[in-house]
Each structure stands twice: as C-alpha cells, then as structure tokens.
Amino acid sequence: MSKVHVELNVNGQPEEVLCEPQQSLLDLLRDELHLTGTKEGCGTGDCGACTVLMDERLVCSCLVLAPEANGKKVVTVEGIADQNGLHVVQQKLLEHAALQCGVCTPGFVVAAKALLDKNPDPDETTIRYWLAGNLCRCTGYDKIIRAVQDAAQELKATTTS
Amino acid sequence: MSRFGYVAPKSVADTIHLLHDCETRGERAQILAGGTDVIVQMRTFDREPRTLVDVKYIEELNRVSIEDNETYIGAAIPSGVLNENQKLKSLYPGLLESADLIGSTQIQGRASIGGNLCNSSPAGDTIPALIANAAKCLIAGTHGTRNVPVEDFVTGVGTNCMTRTEFLLGLILPRPRPRTQDAYLRFIPRTEMDIAVVGAGVSLTLDHDRVCTHARVGIGAVAPTPLLVTKAAEALIGTQCDETSLQAAADACRAAASPITDKRGTVVYRRKVVGVLCYRAGVIARDRILNGQN
Ligand SMILES: Cc1cc2nc3c(=O)[nH]c(=O)nc-3n(C[C@H](O)[C@H](O)[C@H](O)COP(=O)(O)OP(=O)(O)OC[C@H]3O[C@@H](n4cnc5c(N)ncnc54)[C@H](O)[C@@H]3O)c2cc1C
Ligand code: FES
Ligand code: FES
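The listed protein sequences correspond, in order, to chains A and B. Residue 117 in the numbering used here sits at position 117 of the first sequence, with consecutive numbering throughout. Residue 244 in the numbering used here sits at position 83 of the second sequence, with consecutive numbering throughout.
Calculated directly from the structure, the hints in this document are not laboratory data. Treat the hints with caution; some may be incorrect.
As the list claims (entries may be wrong) - Partner residues are not named here, just some residues of chain B that face chain A (Cβ under 10 angstroms, in silico):
no., residue
1, Arg164
2, Phe165
3, Val173
4, Ala174
5, Ile177
6, His178
7, Val199
8, Ile200
9, Val201
10, Thr205
11, Thr212
12, Gly264
13, Gly270
14, Arg271
On a predicted model such as this, the values are computed, not experimentally measured, just so you know. For every residue, glycine included, the Cβ atom is placed at its ideal position computed from N, Cα and C.
Put together the whole structure using the sequences plus the hints.
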C-alpha cells in the first residue's frame, strides 16, 4: 500500500499532506506541518499532552491515525490565541504560575478552553473530572484548577458586562 | 503483508467485500472504530502490519434509533456523543454511566460501545451493563446479518464469536418495560482513568406493589468473560429487592465468579467485591424506580 493523501483544516488553514497509514495525527502535526506546540508524552492515550480538537471534540492526537483526519477541522494550541493576544485560559495559567516544565500545558490549554466553551460555569469537581485525562508531573494540579476557575470568572465578567 | 493500509468504506457491503478480499489473500484486516484499543495495541505489543478498516463512515454504525419496542445504537458512536443523548440517558442510565466511565474526556471523544465489546476484554465496562439490558449484537457477514445476545458474544479473553469476515453493526436493546431501571458500578483503586477490578450491572422491573417481576445481572472482570448471572436475577424476582434478597443476589454473583489474582486484586477480594457491587447497583436501580425516574 502507498502513502495516503490527507486534506484537513488546521487552525483555519487548509492543509494537504501525504502520510503513512499508521502515522498518527500527532506525527502529522509535528513532523509534517511543523506545529510542535502539541506534545507527545505517552503515545498511548494516558497523559493528554497531545490533546487537540477534531471536529469540535477533544481527542488525543496520538490515538488518531493521520488518514482519519482527512476532511476534519483540527484546532491545536497554536490556534487558541488570536490577534488580540492570549486566550484568558492561557493568560490565567501564566498569572497563577500553573506550569513548570510546560510539557503538559498545551494539552491543558486546549482541554480547558473546550470545557469553558461548553460549560462557562463549571464547579471544581467538573473541572477536575474534565481534565482527568491531562497529567502534570510538576504542578500538583491545584494551580491549574485555580487558573481555570479564574478564567471562567473572567469570561463571565466580560460576557455579562 | 509488509505494510500498513487504511481504507474507509462507506457501506456495509463494501466493508464485507474488503474483509472477504483480505481473507482470501491471507492478509490481516482489522476494524477501526475509535482506535483507543487498536492504536494503543498497534504501538505496544501488536505491531504487525495490517489493513485498518475504518467503519466510522458507515451510516448503520453511526445511527441511534429509539422505537416503541426496541432501541438501536450504532457500534461506532463515541461515548461522548451517546452521553449527550438525553432520551438514551433516561431509558438506560446505567449503560450510559458505564460508557461514561471509559477513560478521559479525550478518550470519550473516540471510544465506542462497539469497540469496547469487540475488544472483548473481561473488564470492558459497558459489557455487564449491556448484558443487564438484554442487548443483542447485530452482526453483518457475507450471508447477511445475525443477532447474538451480548452474554454469548465474548468467548474468551480478547476473543468473540465473529469470524474474520464479519463485523458489528450495532446493538439492539429492548425498550425497558414500565418501571424498569438499570445501574452499573465498577471498582477501581482511584476515581478516574483505570481498568475495572470488578464491575456489576443490574436491571430491575418492579410492579406497583414494589415486587420485582424482571431482573438481569451482568458481572465483569471476575471471569475470563463478562457473565450473565441468572441465579442472581432469580434471587430478586418475586421480592421487593430488600436486604435479604439483594444479599442472596450478591451471593449468587460470588458463586458465579471465577476470578484471577493479579496486581489489581486477589481472588478472595474480587469475589467479595463483586457481591458488594451487585448489591449496591441493585439498590440504585431499585431506588431509581421508586423515586419515579420513569
Ligand atoms: C487512556 C485509556 C483509558 C481507558 N479506560 C477504559 C475504561 O475505563 N474502561 C474500559 O472498558 N475501557 C477503557 N479503555 C479501552 C478502550 O477505550 C475501550 O475499550 C473503548 O470502548 C474501545 O472503543 P474504540 O471505539 O476505541 O475501539 P477500537 O480501538 O477502534 O476497537 C477495539 C477492538 O474492537 C474491534 N472493533 C471495533 N469496532 C468493531 C466493529 N464495529 N465490528 C467488529 N470489530 C470491531 C477492533 O478491531 C478492535 O479489536 C481505555 C483506553 C485508554 C487508551
Ligand atoms: S501523548 Fe497522547 S495521550 Fe499521551
Ligand atoms: S508543568 Fe511539567 S508536566 Fe505539567
């Protein structure tokens, strides 16, 4: 069998790539499109460092085959900030010093933003369960959870004012 | 075959054709649904090249239909999508809870009930809940389709009754009778992201005098395959599902179990816990009825 032709949209940009059938979407993003914001931790779905949105659903890009992304809309951490600057989730992670090595951070950013898009007012338990598939070996999680709570507060304040 | 291949057929007929072609050429083909088992296995202990047959573009595997007498759930629908279906949630809360236990938010964006069943692990969380709901597998092959009750589908650790030229289209669940509810519980040492040490699913029907008229109990991770425990159901039918009869059902589960000792739990422990979970799931299902959830 030969290489597979994959057409997808990444962060609003149409892309065309030739890939091996067994390559992952994570490999496609990092090695073919050079979008290295998305990280590889485990490669087996446990750590969430590779989290992206595919057709509006959170997935581990290490557990998506590149050909499966054909025709899909993918959003990576590179697509979260806009011309006006960082997204509140990113801003709050910085303010709360909710990262050390930073390997887990892109996954947390994508996952936390997806949560707030779906549920603007999550309680702490909801946040913790939603982010249970994102592992962090540095921060002990509390600062991340507080940053997400703070981001939710801020988003609420800006949408109601 | 020396290289991997990927195909995404659009119809059941094309899929059967592909599986048949691979079979006659002596090449390995594997169905790909959400890939949360397949891709992990491909990256760890089973690296052999094969043709991956992505079934997510086939209508039959993506459809949910809720009819008067039965419900059909397409095999490839991610659990995250199923859990957004409020109608399904109100009819089969225990089954949906079992699907909601699989992995993280990210895993649930992909993991399907069909994949959980076809992976045929003794610890697959949705399987005891499907058994409790008397679900049947709708399987397509070269000679058309056939139905197999879920409790007869899994034949051993990681094996099932499908041939290499068959695949699962979806699950058919009877519409719950009035005053019927289900529940599923599993035990894991943490609160998220782990494999069941023990699982138990219970479905109960109570009449207006609170007497149980129908019951089904499925258990997981305590034998080479998930099991239907008829004796546990018999202990509940004709009773008000009080402490004594629930205890008898729990004992029936303990007697049916033939667990192994591994790093997650010992034989003695698993046998004890399967009874506890059957009891507690029975209480939840009973109280769901008494509290008027349908
Ligand atoms: C981090 C992580 C956590 C997990 N947690 C849990 C958990 O808590 N509980 C649990 O039970 N499982 C868990 N799993 C395992 C897995 O997610 C589930 O078994 C899931 O339901 C598999 O579904 P899938 O759609 O991804 O299947 P796939 O990986 O696509 O397929 C699984 C198997 O079924 C076959 N198959 C799939 N669909 C069909 C079909 N329609 N016809 C014929 N064969 C088919 C495939 O060939 C393969 O052998 C976890 C996995 C990961 C990576
Ligand atoms: S790299 Fe994908 S989950 Fe860890
Ligand atoms: S900051 Fe290092 S893993 Fe999270």
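Exercise for the section: Could you check the structure against the hints above and give me the numbers of any it violates, in ascending order? Expected result: Result: hints 3, 4, 5 and 6 break, sorted rising.
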